[in-house]
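10 protein chains.
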Amino acid sequence: MLTRLIYTSRVSPGTDSRAVRDILAVSQRNNDERGLTGALLFNSKYFLQWLEGGRSAVNERFQIISMDKRHYEAEILDYVAISHRTFDGWSMGYAGEGAMNRELLFKYSKTSDFNPYSLSAESAAELIQCLADKSLTLEPN
Amino acid sequence: MLTRLIYTSRVSPGTDSRAVRDILAVSQRNNDERGLTGALLFNSKYFLQWLEGGRSAVNERFQIISMDKRHYEAEILDYVAISHRTFDGWSMGYAGEGAMNRELLFKYSKTSDFNPYSLSAESAAELIQCLADKSLTLEPN
Amino acid sequence: MLTRLIYTSRVSPGTDSRAVRDILAVSQRNNDERGLTGALLFNSKYFLQWLEGGRSAVNERFQIISMDKRHYEAEILDYVAISHRTFDGWSMGYAGEGAMNRELLFKYSKTSDFNPYSLSAESAAELIQCLADKSLTLEPN
Amino acid sequence: MLTRLIYTSRVSPGTDSRAVRDILAVSQRNNDERGLTGALLFNSKYFLQWLEGGRSAVNERFQIISMDKRHYEAEILDYVAISHRTFDGWSMGYAGEGAMNRELLFKYSKTSDFNPYSLSAESAAELIQCLADKSLTLEPN
Amino acid sequence: MLTRLIYTSRVSPGTDSRAVRDILAVSQRNNDERGLTGALLFNSKYFLQWLEGGRSAVNERFQIISMDKRHYEAEILDYVAISHRTFDGWSMGYAGEGAMNRELLFKYSKTSDFNPYSLSAESAAELIQCLADKSLTLEPN
Amino acid sequence: MLTRLIYTSRVSPGTDSRAVRDILAVSQRNNDERGLTGALLFNSKYFLQWLEGGRSAVNERFQIISMDKRHYEAEILDYVAISHRTFDGWSMGYAGEGAMNRELLFKYSKTSDFNPYSLSAESAAELIQCLADKSLTLEPN
Amino acid sequence: MLTRLIYTSRVSPGTDSRAVRDILAVSQRNNDERGLTGALLFNSKYFLQWLEGGRSAVNERFQIISMDKRHYEAEILDYVAISHRTFDGWSMGYAGEGAMNRELLFKYSKTSDFNPYSLSAESAAELIQCLADKSLTLEPN
Amino acid sequence: MLTRLIYTSRVSPGTDSRAVRDILAVSQRNNDERGLTGALLFNSKYFLQWLEGGRSAVNERFQIISMDKRHYEAEILDYVAISHRTFDGWSMGYAGEGAMNRELLFKYSKTSDFNPYSLSAESAAELIQCLADKSLTLEPN
Amino acid sequence: MLTRLIYTSRVSPGTDSRAVRDILAVSQRNNDERGLTGALLFNSKYFLQWLEGGRSAVNERFQIISMDKRHYEAEILDYVAISHRTFDGWSMGYAGEGAMNRELLFKYSKTSDFNPYSLSAESAAELIQCLADKSLTLEPN
Amino acid sequence: MLTRLIYTSRVSPGTDSRAVRDILAVSQRNNDERGLTGALLFNSKYFLQWLEGGRSAVNERFQIISMDKRHYEAEILDYVAISHRTFDGWSMGYAGEGAMNRELLFKYSKTSDFNPYSLSAESAAELIQCLADKSLTLEPN
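Residue numbers (the working numbering), protein chains in the order written: chain A, 1 to 141; chain B, 1 to 141; chain C, 1 to 141; chain D, 1 to 141; chain E, 1 to 141; chain F, 1 to 141; chain G, 1 to 141; chain H, 1 to 141; chain I, 1 to 141; chain J, 1 to 141.
Check each hint, because a few of them may be wrong.
[Stated by the list, open to error] SDA-like, lysine to any residue: derived pairs with alpha carbons at most 25 Å apart:
(1) Lys-45/F / Arg-55/A
(2) Lys-45/B / Val-11/B
(3) Lys-45/G / Ile-23/G
(4) Lys-69/E / Lys-45/B
(5) Lys-45/D / Ile-65/D
(6) Lys-45/D / Met-1/C
(7) Lys-107/A / Thr-37/B
(8) Lys-107/F / Ala-121/I
(9) Lys-45/F / Glu-75/F
[Said to hold, decoys possible] To list a few chain G residues with every Cβ distance to chain H over 12 Å, as calculated:
(10) Val-11
(11) Ser-12
(12) Thr-15
(13) Arg-29
(14) Lys-45
(15) Arg-55
(16) Arg-70
(17) Ala-74
(18) Val-80
(19) Ala-81
(20) Ser-112
Since the hints were made in silico from the structure, they are not lab data.
Remember, it's a predicted structure, so these values are computed and weren't measured experimentally.
For every residue, glycine included, the Cβ atom is placed at its ideal position computed from N, Cα and C.
With the hints as extra help, turn the sequences into a complete structure.
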């Protein structure tokens, strides 16, 4: 059973974009062996991640992620069985509040401060797909 | 929870397009802080406004609006939870009964005198989106 | 509440296309004041009319029409609440059984003699919209 | 094609319950020959009638009714094709604003003054069926 | 058009159950003239009110209510067109957090502290109908 | 936003029913403060737990549970927004493979060995509600 | 593929109830071999028959019936694939316009003269099932 | 009520394409008077005909067709009320098993021998529309 | 994934009810280990079997069954994923054409000779559940 | 009744692409006579086959296939009645895990090792149609 899990979490103090790059490199290597794909978005405050793969692998991975000290208060936004994957590898990018993403993030936000904890499952999935369609960059602007 | 509120009201005697411009300037500034977007249409008789944002902010703003002496008899036409915003900033314009809008207003009216108080929720939302798609001007013609 | 009423009726002996032109001129003037729009089709045997506007205005107008001696046996084919008008003014034309309309009329008829009294509400509305899309002429061919 | 037509109208000055009884007696005799059944409700201000039968018979009867001087401003509330009759004969009764009906009428009214002109098609049909289920009397109370 | 509006608000310091009783007495008298019915629930912290009637009357009443100093931060939870009333008069009661209501309130709450501001439109309507089905008392227990 | 999370996990060697009783006692105390309710089922091999409450509280609790050494390989079976709670407190019981539950467990199993890891979200929710309807006991039989 | 065919036809002059009894006796014998079941209703003017069985058998039988001189103008009212039979043998009866059936027949008729040629497929099937539920007799009353 | 009847039948020994041409000429003349349109397909073994028009005319014509000695075992595949005609005149053609039609016929057949008696109502209607879209010829190839 | 497979087959010459009893005894023993449940119906001509369990077990068992010489021409009538089992053990019985079952079998048959090869998936499942609800006996009557 | 059966199976040791070519040649010849079409995909580990045609022919063929020693553990993934064929002949190809197919296979897999036994009916049908749209080759790359 293929499954999708989307969670958000808060970036721990001291986690910078280099740390995120390391996270991604490790993730990508580990995830490949487990058949996991998805998208990892982040800015200075939040992570927002889409994980898809076998149900057990997704759960196992999410538990390891939950315990990583570089973020905290992981909260699942969406968790469903899926018929096929949306991502065929890994997308990752700085979903900052710069000009590039501001308009899109605001479309789903109560205020100009984007807060992924207020997203519904439907909005979270829609937002990640929109962001992933744009060319993502690793550096803050 | 993002929410949309559409109301109509009657223009008070003495409220002219300059007053409306002032209203809009103040609104825009206040609304930005509260994460409110939408559209404000008016003519010599009526206001028709679409407010969208967080549910509390929309309610708080609507109560302030209700007490503004420049209009009266505010009546809510539509109030629903929404998954995303329709407007990313503020649209505003003179929705007068000049040639430009006459055909569109009449499409939703019982007679050639446009009266927004007779609009259903569905018609009100549809009409505002149609008007906002056209280029709006601040001055009566 | 905007409402649509479609009726058919039989042309009285002595009612010719000039009489119909008069009817239309008067109707158009009266209807404008009452916010009524629609389409009036006729041939040597039948009238077929689509009236739309406020529910009271549509009823009032239909009762005056019913009593006009230039036609008889008016029968309502369709009567429904509508969210917006289909016609923004008045369409009118000779829906004769000439080559132009023959194929379209036959599509909704049991035999080659077109008889609007056998139309269902759905078919009547569809037929008038099809005929109105074609350029209508006032004279029989 | 069996058809249902519901209309409301205003009682003309001078039309009392005896006149209504006469109306009903004539109606019942005429309607029987034409295969018409239904319900006629009235009070000191309004008639509310449900007519069902063949489409032509219903239209013919409604036109005669429209011209009766004992009421005016007849307005159609509902007009639909039906698969079978709801009434197998004639129901009639004083739908007055006495204690008996007050609660039911108010359920469909904006204010304590019942006004059938504000009824939607769905509400009109529902209200008549509710009133007809109660035992009706011819005299005001 | 019959309309239902449900709002919640916070009880102002100094508003006790006697004050609420006064509110209700005045409301009931005023509302009767305007054709308004519904339910008013309150406890030491919140009001939760269901208003139903004509759309204009509901709006006019809600604006007066909004300005009453005995509560503040009124927020609309539900606002829809309805086909008929649910209440035929006025229900009112102390929806306190005593044993009687505790289980029901908790069914719709995130924590044991009931907070009507977190209710969705659907939950708010459902909760009020559940509470109104129970016999309500005016006094806190 | 009320949320339901159902997970299954494997009982660690050395975890007996006394340990489970301790777990439950602690859980119940902690959960009460956080507004969490649900059901905890277990046998000699598996835990199967239904957690419901605010989305953040459910996530926070699930993360603490995930790290408890008395079970391992926690896997989420169901995670959805809910409109109201199903449980008003805590149900708990030995869902062993004794005669009492054998038939019910087998209804959802591929073989006579019950394995909750093969349950779909729908089946997991249905099974727990069925088991909770029966009177649960804390001791294996 | 099991199939249902409902037709109506006009009784030929000289066909009396004895003739109908003969028809039924022969039909029943022939139909048994072909796996046909159903209901045959008649009065002094019309036959109304429900035939169900294999598609080929139903067609073959209907063609023989069509050529029988004891009726004419057979017209199919309903013809559909069915998942199972409604009748497990043969029902037959005088569906006359006596008191017994009058009310039921009128429910589906434009006038007090019952005419099955005006029935829709849905009404025909519904009417036959209603009549078959009543105890049928072979003789006119 | 416009109606569509699709039937198939077996070609009698001695019926050749000239005979079919005669059939079609006569049909077309007779059908015109009765308001019948449709499509007649045939090959060396089968006829497959789509008849549409008034319900009585379709039935009357089908009964005459049933008795024609040039085919036998007519079996109705589809019979439904329609809102408008699909064909505005007559289509006719040799639906032989030559290269032209082989692929299309096979799409709806169990084996390479096309047998219209195994068609469902839905497949029969779909197949005739597909064949009629191709240019049909009267002669076998 | 729980799966249901229904097949029918022809009884080989020489297979009597004792043989069937042996089949069932072996089946039951083998099936228990594999987690298979269902119903086995038979008469002098046909087997009709409902198998439910894990998808692999159902397939493995069906292949062994297919090769058993005591029947031939096994044909799958229904094969679907199911959310839970219908049978909690094994039902088995003589589904003969005696008086007991005749009416039920005929309900799904074209003729009085019952032939399960003509059953659709839906009819097959419905028929087995109906037969299983009756008390089944192992001996022909 | 046209039927589709999709199964997967494991390739027996010693079965190479030449053997598969032989299988296909024989299949194609045998299948033509029986009216069977479809697609046969394989790699070094698995067969995945779509069979469509008459229900009896599909079953008969699947039983012969099941007993072929060149593969084992055949498991049906999908079995449904269809209204028309998807393939008009035979598609066949090496669905290997080379670059060409890797991305597509992974889209439906839990891990980078493709395993058709984990496919749902819906996914299996979708995957085969995707693969068949690409040009297939008989040789591994």
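Quick rundown of the hints versus the structure:
With a C-alpha separation of about 20 Å, the suggested pair Lys-45/F and Arg-55/A falls inside the 25 Å cut-off, and the hint holds. Only pairs whose Cα atoms come within 25 Å are accepted, and Lys-45/B paired with Val-11/B is accepted, the gap being roughly 5 Å. This hinted pair checks out: Lys-45/G and Ile-23/G have alpha carbons roughly 16 Å apart, not beyond 25 Å. Annotation: proposed proximity of Lys-69/E to Lys-45/B is violated, straight-line Cα distance about 31 Å (limit 25 Å).
Note on Lys-45/D and Ile-65/D: the hinted pairing holds, with a Cα-Cα distance of about 17 Å set against a maximum of 25 Å. Between Lys-45/D and Met-1/C, the direct Cα distance comes to roughly 23 Å. Compliance with the 25 Å bound is thereby established for this hinted pair. Of the pairs offered as hints, the one joining Lys-107/A and Thr-37/B holds, with about 10 Å between alpha carbons and a cut-off of 25 Å not exceeded. For the proposed pair Lys-107/F and Ala-121/I, the alpha carbon gap of about 22 Å is at most 25 Å, so the pair holds.
For the suggested pair Lys-45/F and Glu-75/F, the alpha carbons sit about 14 Å apart, so the restraint of at most 25 Å is met. Even its closest Cβ contact with chain H, about 17 Å, leaves Val-11/G beyond 12 Å, as expected for a residue assigned away from the interface. A cut-off of 12 Å between C-beta atoms confirms that Ser-12/G is not in contact with chain H; the least separation is 15 Å. With a least CB separation of 19 Å from chain H, Thr-15/G remains clear of the 12 Å interface cut-off, as annotated.
Here Arg-29/G stays apart from chain H, with its beta-carbon at least about 22 Å from theirs, past the 12 Å limit. For Lys-45/G, the shortest C-beta to C-beta distance to chain H comes to about 17 Å, beyond the 12 Å cut-off, and the non-interface label holds. With a closest Cβ-Cβ approach of about 7 Å to chain H, Arg-55/G is found to fall inside the 12 Å limit, against its non-interface label. At roughly 15 Å from the closest C-beta of chain H, the C-beta of Arg-70/G stays outside 12 Å, upholding its exclusion from the interface.
At the 12 Å boundary, the C-beta of Ala-74/G falls inside the reach of chain H, the nearest C-beta of that chain being 7 Å off. Chain H draws Val-80/G into its interface by the beta-carbon criterion, the shortest separation being 8 Å against a cut-off of 12 Å. Not every C-beta of chain H lies more than 12 Å from that of Ala-81/G, the closest at about 7 Å, which undercuts listing it as non-interface. The beta carbon of Ser-112/G sits about 22 Å from the closest Cβ of chain H, which is more than 12 Å, so the claim that it is off the interface holds.
Checked against the numbered hints listed earlier, the structure breaks hints 4, 15, 17, 18, 19; every other hint is satisfied.
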